[in-house]
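For the protein sequence lines, the chains are A and B, in the order given.
Counted the way the numbering used here counts, the first sequence spans residues 1 to 125.
Counted the way the numbering used here counts, the second sequence spans residues 1 to 146.
Because the hints were derived from the structure by calculation, they are not lab data.
Mixed in with the good hints, there may be bad ones.
Only some residues are given here: those of chain A computed to face chain B with a beta carbon under 10 Å [to be verified]: (1) I99; (2) A103; (3) K111.
Chain A residues, not near chain B, derived (Cβ > 12 Å throughout) [as the list claims (entries may be wrong)]: (4) W35; (5) L36; (6) K64.
Given the structure is predicted, the values throughout are model-derived calculations rather than measurements.
Glycine included, each C-beta is placed from N, C-alpha and C at the ideal position.
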Amino acid sequence: MSSQTDDELWSAIGDPSRRQVLDLLVSNGEVSASWLAGQVPFSRQAVSKHLVVLERAGLISRRKQGREVLYQVQADRLDQASRAMAGLAAQWDLRLGAIKRLAEAAHTENKRGYAENKPGEGHDG
Amino acid sequence: MPGLMIDRDVLIEAPAEVVWRTITEPDQMSLWFADRVDLVIEPGAHGYMQFGDQGGPVVVEIVDPPARFSFRWNYPSGEEPVAGNSMLVEFTLTPEGDERTRLRVVECGHELRDWPDAEKQRYADEHREGWAEFFDRLATVVGKRQ
Numbered sequence: 001m002s003s004q005t006d007d008e009l010w011s012a013i014g015d016p017s018r019r020q021v022l023d024l025l026v027s028n029g030e031v032s033a034s035w036l037a038g039q040v041p042f043s044r045q046a047v048s049k050h051l052v053v054l055e056r057a058g059l060i061s062r063r064k065q066g067r068e069v070l071y072q073v074q075a076d077r078l079d080q081a082s083r084a085m086a087g088l089a090a091q092w093d094l095r096l097g098a099i100k101r102l103a104e105a106a107h108t109e110n111k112r113g114y115a116e117n118k119p120g121e122g123h124d125g
Numbered sequence: 001m002p003g004l005m006i007d008r009d010v011l012i013e014a015p016a017e018v019v020w021r022t023i024t025e026p027d028q029m030s031l032w033f034a035d036r037v038d039l040v041i042e043p044g045a046h047g048y049m050q051f052g053d054q055g056g057p058v059v060v061e062i063v064d065p066p067a068r069f070s071f072r073w074n075y076p077s078g079e080e081p082v083a084g085n086s087m088l089v090e091f092t093l094t095p096e097g098d099e100r101t102r103l104r105v106v107e108c109g110h111e112l113r114d115w116p117d118a119e120k121q122r123y124a125d126e127h128r129e130g131w132a133e134f135f136d137r138l139a140t141v142v143g144k145r146q
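The shape of chain A in the complex, shown without the other chains (with noise of 0.2 Å):
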């Protein structure tokens, strides 16, 4: 998870914009520059700059067609994102999972502490 590559995936799909972009192309699958442009509310420019983000990270891939550049994802690359992110989250899971099962059990515990000493007012421990 820490290599290169995957610090640029993660930072390509941070942004809003570009998972914007990502979106369209996984939705509408091969498109142009242009025809994404019309699509976002930031300029063609903006979108250049997302598309070679992207691309640069592996999740998109550029094909000429007569004079057009068209866009597209690669599949493959977005199932490793999803299952990288997904296998990060279900760790988090297990962790408060854990916590949760820690934390009942002492609450549970200190109720019958003081339950148990608080006819005696007694020793503690």
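Go by the hints and put chain B onto chain A.
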């Protein structure tokens, strides 16, 4: 991983003070997190976490009992974790009733520390929406092709 953001939460049947001890006491931390935790829970404190045969330095950021705890790490690389090379993990504890606590964890690579809380919240919300939507769409497309 500057663009990465994970945001998860769990509802725990225990008061925030109990949850706080579970997430901040090093011997407790070693039960749910690293195999070995050498850490003093003080803002700015440098520590170390061991995971199996790997490990790395940790820096404590926010200690606000029993509501907020955060640290910076960059496991598995060995450099000193600072903004830009590390991940920030932030726990937020919110009481829901007398003996119930919502524990939320956000892990992200952005420099959020110096942002006002409202900004941070807005950023987190936007990102959560964004990520969920993005990966839902992705799952649909990837599913279609298989």
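Hint-by-hint comparison with the structure:
1. I99: Because about 5 Å separates I99 (chain A) from the closest Cβ in chain B, which is inside the 10 Å limit, the hint holds.
2. A103: 4 Å, holds
3. K111: 9 Å, holds
4. W35: About 18 Å separates W35 (chain A) from the closest Cβ of chain B, which puts it past 12 Å; holds.
5. L36: 16 Å, holds
6. K64: 24 Å, holds
Going down the numbered hints, you'll see the structure goes against none, and every one checks out.
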